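Enquirer: Protein chains in written order, with the UniProt record's numbering: chain V, 1 to 275; chain D, 1 to 403; chain Z, 1 to 295.
Source of the hints: derived by calculation from the structure; they are not laboratory data.
Any given hint could turn out to be false.
Below, a list of computed lysine-lysine pairs in the DSS-like style, where the Cα atoms sit at most 30 Å apart [said to hold, decoys possible]:
{"hint": "1", "chain 1": "D", "residue 1": "Lys271", "chain 2": "D", "residue 2": "Lys360"}
{"hint": "2", "chain 1": "V", "residue 1": "Lys5", "chain 2": "Z", "residue 2": "Lys200"}
{"hint": "3", "chain 1": "D", "residue 1": "Lys288", "chain 2": "V", "residue 2": "Lys126"}
{"hint": "4", "chain 1": "D", "residue 1": "Lys43", "chain 2": "D", "residue 2": "Lys308"}
{"hint": "5", "chain 1": "D", "residue 1": "Lys180", "chain 2": "D", "residue 2": "Lys43"}
{"hint": "6", "chain 1": "V", "residue 1": "Lys126", "chain 2": "D", "residue 2": "Lys180"}
{"hint": "7", "chain 1": "Z", "residue 1": "Lys200", "chain 2": "V", "residue 2": "Lys126"}
{"hint": "8", "chain 1": "D", "residue 1": "Lys174", "chain 2": "D", "residue 2": "Lys99"}
{"hint": "9", "chain 1": "Z", "residue 1": "Lys200", "chain 2": "V", "residue 2": "Lys162"}
{"hint": "10", "chain 1": "D", "residue 1": "Lys43", "chain 2": "D", "residue 2": "Lys288"}
{"hint": "11", "chain 1": "D", "residue 1": "Lys99", "chain 2": "D", "residue 2": "Lys271"}
{"hint": "12", "chain 1": "Z", "residue 1": "Lys56", "chain 2": "D", "residue 2": "Lys99"}
{"hint": "13", "chain 1": "D", "residue 1": "Lys288", "chain 2": "D", "residue 2": "Lys99"}
What you are looking at is a predicted structure, and each value in this text was computed from that prediction instead of being measured.
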Amino acid sequence: MKRSKTLRILSVVGLLIIGLIVLLPFFWMISVSLKPATEPFAIPARLWPESPTLANYASAFRPEFRTYFLNSMIVSGASVVITVSLALFAAYSFTRGQLFALSFMLGAVVLAQMFPHAAIIIPIYKMMRSWDLLNSYTSLILSYVSITLPVAIWMLRGFLVKLPVSLEEAAAVDGASPMRVFRDIVVPLARPGIISVAVYVLIITWQEFLFALSFTSTNDMRTLPVGLNDFIGQYGIRYGELMASSVMVSMPVVAVFFFLQRYFVAGLTAGAVKG
Amino acid sequence: MKHYISYAALGAALMAQPVFAQDVTLQFWDNQQTESGLSDVQKAAVDRFMAENPDIAIEVTTIPYPEYQQRLLTAVQGGNAPDIATLDQIWLGAFAEAKAVVDLSDRAAEAGLTRDQFFGGAWDSAVYEDALYGMPFNVDVWQFSFFNQDLLDAAGVSSADLSTFEGLRAAAEKMTGDGKFGVGLFGHAGEDTVAVMNSFIFSNGGEVLASDGSCALNQPEAVEALAYVQDLAQFAPNGILSASSGDMRELFLNGSLAIEFWPALEQPTLKSSEINWGFVNGTAPEGKTPVGTFGGWNLAMFESSEHKDAAWRFMQFLVSEEVNGDVVDLIPANTNAAETFLAANREGPDQIMAHLNNAKPRPLSARYLEIADVQMRLYQDVLSGTNAQEAADTACGEIDAIN
Amino acid sequence: MTYKDRWLAWLFLAPTLVLLAVFLYYPMIGTFVESFYSTSFINPNPEFVGFEVYRKIIASREFSEVLWNSVLWTVGAVILQNILGFSTAMLLNQGLPGQGLLRALFLLPFILPGVVTAILWRFMYDPQLGLVNSLVVRLSDAENAVAWLASADTAMIAVIFTAVWKGFPFSMLIYLAALQSVDREQLEAATIDGAGPFRKLIDVIIPSVSSVILVNIVLTLILTFNYFDIIWIMTRGGPQDSTHIFPTIIYETGFGQFRFGEAATYGVFSILVLSVLVALYAIVQRTTSNRRATS
């Protein structure tokens with residue numbers, strides 16, 4: 001009994017230390033975002049600015065920034081919907097298809113995850129160009145769906161493997177068509193998995209940089225991560241505005257995540273356990 | 001009958017020649033250097049051009065430096081380049097060799113645009129294999145030694161001392177300590193590092209490439225300069241290998257840095273600060289004149305442009321004496337425009353002019369970026385204590401293998 | 001779905017296969033082909049050169065540095081991230097008060113965009129202005145702070161720490177979920193047998209989550225190996241190339257220096273090295289689990 005008490009105290013201390021390491025950078029980010037541009041940086045660093053101000057937020061929230069925000073929402077939103085749907089179809093085939101070729105295909109899907117993006121971006125750029133898709137939402141959505149699909153399928157497959165086949169078989173015996181079985185039984189049961197994959201795709205696409213940089217050329221098509229880069233000039237970084245924008249950029253994902261994290265945990269668990 | 005038709009066609013073509021048959025839209029890409037409010041002035045100039053040339057519309061896209069190179073490259077590779085873009089002087093060789101940009105020699109000669117209207121170094125940076133591939137747009141020079149007057153006064157150092165190698169070292173030594181740093185050397189893997197280090201080499205009579213194109217960094221003048229900077233680095237803040245000139249700005253602005261190396265572009269930032277500052281034109285050994293490294297941008301027209309005549313009209317407009325000063329945040333490459341611009345916007349215009357006229361360009365090679373990569377490694381090796389001669393020999397081996 | 005519904009399996013799979021073929025496999029095969037040509041921006045008419053570019057790269061000083069750095073970066077970050085993730089999951093799995101809130105807070109770094117993470121940490125590490133060193137200076141008598149990113153000896157450690165900071169919540173989540181599937185009865189039986197917490201960990205918990213550990217490590221291995229944003233923004237591969245890894249060298253060679261052929265070759269090497277790492281891990285994992293099964 002005594003031993004378990006010391007263990008608990010040690011656990012709390014451990015958690016506090018980890019918590020400190022995790023949260024300190026966020027604290028610093030907010031602190032810098034509140035520092036007036038005219039207040040020089042102190043040495044050693046001051047934890048909190050002398051006269052905090054929201055001015056950086058005001059100047060960072062430019063009209064372009066709102067456009068970037070909207071673009072990011074559209075691109076990420078569409079990618080989430082499409083990736084999740086396609087991954088669900090594919091994962092269902094992989095788990096229920098009973099085809100030898102499928103295990104080979106699954107290997108190919110996992111392998112695709114290993115391709116370095118910097119090496120494949122120019123060929124993709126040329127394709128987009130020939131289809132006249134450059135500087136469009138479509139070009140980004142197509143790329144994002146492709147790069148997030150492999151992991152999405154892997155996660156959903158793990159989830160579907162765990163679902164009892166008996167329900168589907170019973171429905172099939174009752175005369176339901178395969179499509180019906182899929183729509184009325186598999187999709188509702190897989191909902192936690194679907195939500196977790198959606199969050200994964202959202203997080204990845206919300207911060208994607210390389211494709212967004214290469215495929216968008218005008219201000220009205222840029223997404224947030226590329227827009228953030230505007231604060232980094234040839235000769236320096238404007239930290240205050242950058243941190244203010246960063247806080248704003250992170251906000252939507254944080255919000256979504258806090259609402260959905262329960263499902264995300266459940267979905268990841270399934271994917272990992274049965275992977 | 002056949003003849004009549006071709007004459008008719010010829011006639012129609014001739015009629016169409018003076019005025020453009022239909023309105024054209026030009027894509028113009030520019031580097032977004034600072035947030036100096038330039039875009040408003042630039043916009044006014046572009047509007048003026050469109051008013052004077054109602055048949056041409058201009059779409060301006062400004063791109064931050066860190067992404068500009070990749071953007072241009074992917075665009076050219078994908079056959080989607082703009083009509084006109086500003087190219088960093090150091091990129092021009094590659095774009096010319098790749099036949100991505102148009103040889104402007106004839107057009108320039110026809111329009112009476114000649115070298116003497118621009119800074120010589122800027123014009124030369126647009127010349128590749130005896131042909132002119134760009135119009136000099138803006139320039140600056142690394143480095144001016146900016147100093148904190150209060151720190152100099154406290155240490156009893158005169159700003160004139162900073163102009164010589166010996167004086168700079170002694171001053172830096174005096175002003176280092178108590179949380180203050182004498183000199184803001186920086187050595188991250190970037191062109192600002194290359195430009196400043198080159199300037200020390202140039203000022204000591206050294207070169208990056210000799211006239212025959214072979215590497216000259218391991219020659220005595222260059223090695224001496226490298227060893228000098230290596231020694232000077234002890235008076236710099238910690239961690240210069242990951243620091244850029246921009247990182248040093250914060251230290252200078254909070255008063256903990258006595259001397260910093262920047263182009264004249266830094267002046268507006270310093271003017272709006274509380275620091276009591278001044279500058280001298282770089283540093284050279286006793287009795288020699290400091291030689292800076294040229295930097296800046298050229299306007300280039302892309303081969304893929306379908307509106308080359310219209311593009312050329314716009315380029316001439318941008319580099320003309322009346323307009324050039326309004327559309328740049330560095331210094332106009334047009335010397336007359338530069339004089340007006342410096343008098344209106346910069347402290348010490350004559351001093352800047354002298355440094356500009358004395359500056360040297362970086363190697364004009366299609367493979368400059370590979371050379372610069374080796375140089376960055378060399379400078380980092382030297383700043384972290386490797387023997388200058390040995391590091392330079394290694395670097396020259398690699399550079400000579402490129403050429 | 002039954003045997004006679006196989007058309008449905010293919011129908012469901014078709015869009016995915018098309019997308020992956022067009023946007024991942026086709027470009028990658030193109031890159032593979034390009035690696036045998038002398039392609040560069042300034043050389044519009046590439047020639048077939050066989051393994052010439054491969055030879056050139058293997059002989060270069062950069063290649064061995066990049067290879068070593070990539071292994072160090074990947075293995076270091078993966079091991080630390082998994083150890084920290086596992087430990088945190090253990091700590092959060094004891095029914096302590098407030099652990100739900102902590103779990104949510106610990107996930108924050110995972111959500112923060114990579115670009116922002118890198119800029120934030122670059123600034124945190126700043127030897128004069130950064131928070132890390134200001135704490136070091138305040139808490140100890142150290143006169144001068146350490147310039148973490150500016151020395152070839154410490155830069156890799158610093159970027160790995162950042163990667164672990166950003167990546168560990170992901171591992172933590174997966175382990176946390178796995179721990180909830182550990183058999184309670186088995187744990188209680190071990191307690192009755194007088195096993196301490198450490199013995200329980202070794203004998204009961206780790207064996208029952210071993211499949212999760214396997215998947216988790218392979219996934220983080222792949223994601224870390226190809227992770228570009230953090231190193232590129234924090235160090236650009238420097239100082240003195242001490243943090244250059246495959247993704248950064250591919251980007252720098254291709255986009256920074258216009259040498260597409262060499263970038264493609266580095267891309268092929270990159271996949272080879274990553275496959276070897278994954279295979280090595282699989283072998284190690286299999287032998288240890290076999291040993292455990294037989295002992």
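Enquirer: Does each hint hold? Answer for all of them.
Expert: Going down the list of hints, with the structure as the test:
With a C-alpha separation of about 27 Å, the suggested pairing of Lys271 (chain D) with Lys360 (chain D) holds against the 30 Å cut-off. For the suggested pair Lys5 (chain V) and Lys200 (chain Z), the alpha carbons sit about 17 Å apart, so the restraint of at most 30 Å is met. Using a Cα cut-off of 30 Å, the hinted pair Lys288 (chain D) and Lys126 (chain V) is violated, with the two alpha carbons roughly 53 Å apart. Between Lys43 (chain D) and Lys308 (chain D), the direct Cα distance comes to roughly 22 Å. Compliance with the 30 Å bound is thereby established for this hinted pair.
Distance check on the hinted pair: Lys180 (chain D) and Lys43 (chain D) sit about 43 Å apart at the alpha-carbon level, beyond 30 Å; violated. For the hint pairing Lys126 (chain V) with Lys180 (chain D), the CA-to-CA distance comes to about 52 Å; that exceeds 30 Å, so the pair is violated. A hinted pair counts as satisfied when its Cα atoms are at most 30 Å apart, and Lys200 (chain Z) with Lys126 (chain V) does not qualify at roughly 57 Å. For the hint linking Lys174 (chain D) to Lys99 (chain D), the alpha-carbon distance of about 53 Å lies beyond 30 Å, and the restraint is violated.
Only pairs whose Cα atoms come within 30 Å are accepted, and Lys200 (chain Z) paired with Lys162 (chain V) is accepted, the gap being roughly 27 Å. Restraint check for Lys43 (chain D) and Lys288 (chain D): the C-alpha separation of about 43 Å exceeds 30 Å, so the hint is violated. As the CA atoms of Lys99 (chain D) and Lys271 (chain D) are separated by approximately 42 Å, the hinted pair breaks the 30 Å bound. Pair hint Lys56 (chain Z) plus Lys99 (chain D) holds up; C-alpha atoms about 26 Å apart against a cutoff of 30 Å.
About 40 Å separates the Cα atoms of Lys288 (chain D) and Lys99 (chain D), which puts this hinted pair outside 30 Å; it is violated.
In summary, the structure is inconsistent with hints 3, 5, 6, 7, 8, 10, 11, 13 from the numbered list given earlier, while agreeing with the others.
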